[in-house]
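*Asks:* Chains A and B are the protein sequences, given in the same order.
Counting along the first sequence from 1, when you hit position 99 you're at 98 in numbering that gives the first Met the number 0, and nothing is skipped either side.
Counting along the second sequence from 1, when you hit position 99 you're at 98 in numbering that gives the first Met the number 0, and nothing is skipped either side.
Because the hints were derived from the structure by calculation, they are not lab data.
Model, not experiment: these values are computed from the prediction.
Take the hints with a grain of salt, since some may be wrong.
A short, non-exhaustive set of chain A residues, derived as facing chain B with CB atoms under 10 Å [unchecked claim]: (1) Y60; (2) F68; (3) G123; (4) C135; (5) Q137; (6) N143; (7) V176; (8) S182.
Residues of chain B placed beyond 10 Å of chain A at every Cβ, according to the derived structure [stated by the list, open to error]: (9) T37; (10) R50; (11) I64; (12) K105; (13) R152; (14) L198.
Here a beta-carbon is modelled for each residue, glycine too, at the ideal position from N, C-alpha and C.
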Amino acid sequence: MHQRKQYIALAFLASLGSVAATAARAEAQQIVTTVCVACHGEGGNSVVPMFPRLAGLQAEYIEKQLKDFLSNKRKSEVMMPAIANVKESDAAGLAAYYAAQKPQKGEVKDEKRAAAGKVLFDDGNTTTGVPACSGCHQAGGVGNERYPRLAGQHQEYTSQQMLQFKEGGRNNDKGKVMRAVASRLTEQEIADLSEYLAGL
Amino acid sequence: MKANISRVVFGTVAALLASGVLAQAGTNSGATEEPEYTWNAMQGEKLQALRAKGDPARGEITFEICQGCHRARALGRTDGSYPRLAGQHDTVLIKQMTDVRAGRRKNDKMLPFIERHAVSPQDIADIAAYLSKLPVPANNGQGPGNDLATAERIYADKCVSCHGAAGEGDANEFYPRLSGQHYKYLVREMTDIRDGSRLNANPRMVEVVKGMPDSMVQIVSDYISRLPVGGAK
């Protein structure tokens, strides 16, 4: 009898949990369709080059970035007003939504540049001490739970972010590692890398 | 290997006391001069990392920061730009990482990736534990193969007492394993140690390489790069 009571209590708690999860999903969906979609596009596949594609990015990464925007640790004049009504507690649900979307392939506009970008991405630059990007972001830029996916991102957005890491403006990278790498990249190399990544 | 560390540290401290180095340093405290360089002084983060229990599984993850240069499974590059770290002794790795971090070994390329904001002493212990257990394949870069017989005699005469006949080094003494290392990296480091630009070299090593012309550095490095990798554990 006692065990049975425990079981019922557990089942009740579990159903509460799943009700809460469903509610969180619905709430995330609501924010996606009323707030995010305007810039980040249907299913997180933005078509405007200055707005990043979010589809298929790691949930860990999206959640951290969203929280960093909310606390102004990552600064953006575009994001700040857009997320005025988003709460920190929404971050995990939104991250889960975009992580589950299917990423679309971007488009290479300059094959030569993309080829140079691939060499740098896979091998780095031993003369200037640029590590191979694939060391952290993985072969093909797919990322993992510690380092974000870069594959298929708009050229313009990737370049803009790397320049911010290089010149200041973005400083929410773990261990200052991305800033150290970007400081060694030339603008030419940044453009090459962005071109390569867009086509993945 | 690390189980012996406290013994090594104790031994080193005892030896330093016996030689009067520590006693002297004690009387110098408060002096304005930079304290005299003591090779492999057992202090600070080096000691912290040596005492920490390294976890190879965590180390493999932390090593992601390093593998953009040192490559997957820490095989380095045959052009010598980045050394092979696979199979190196954990004590040696910890010494070198903490020396670079402390500015004791000059390495501007590596510095931002080993500084305090990037990794902790525990991370350093983890990375060392991971690397020291990696296999060492026999595909390291080798030299042109000139005058190996002369190089063998020089190695037996000058190098073997510390680095061992198989180039296996000595974890307890912080002497690096040399077998399996890239030829061009060996040339570069031996030259830097000779010319005083590595900054953290063992004075005994400096003494040995001091008078060596470039040609001798090259043939000895070449000989070392050809030592069988299976000889060291």
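*Asks:* Hints broken by the structure, by number, lowest first?
*Replies:* 1, 2 and 11
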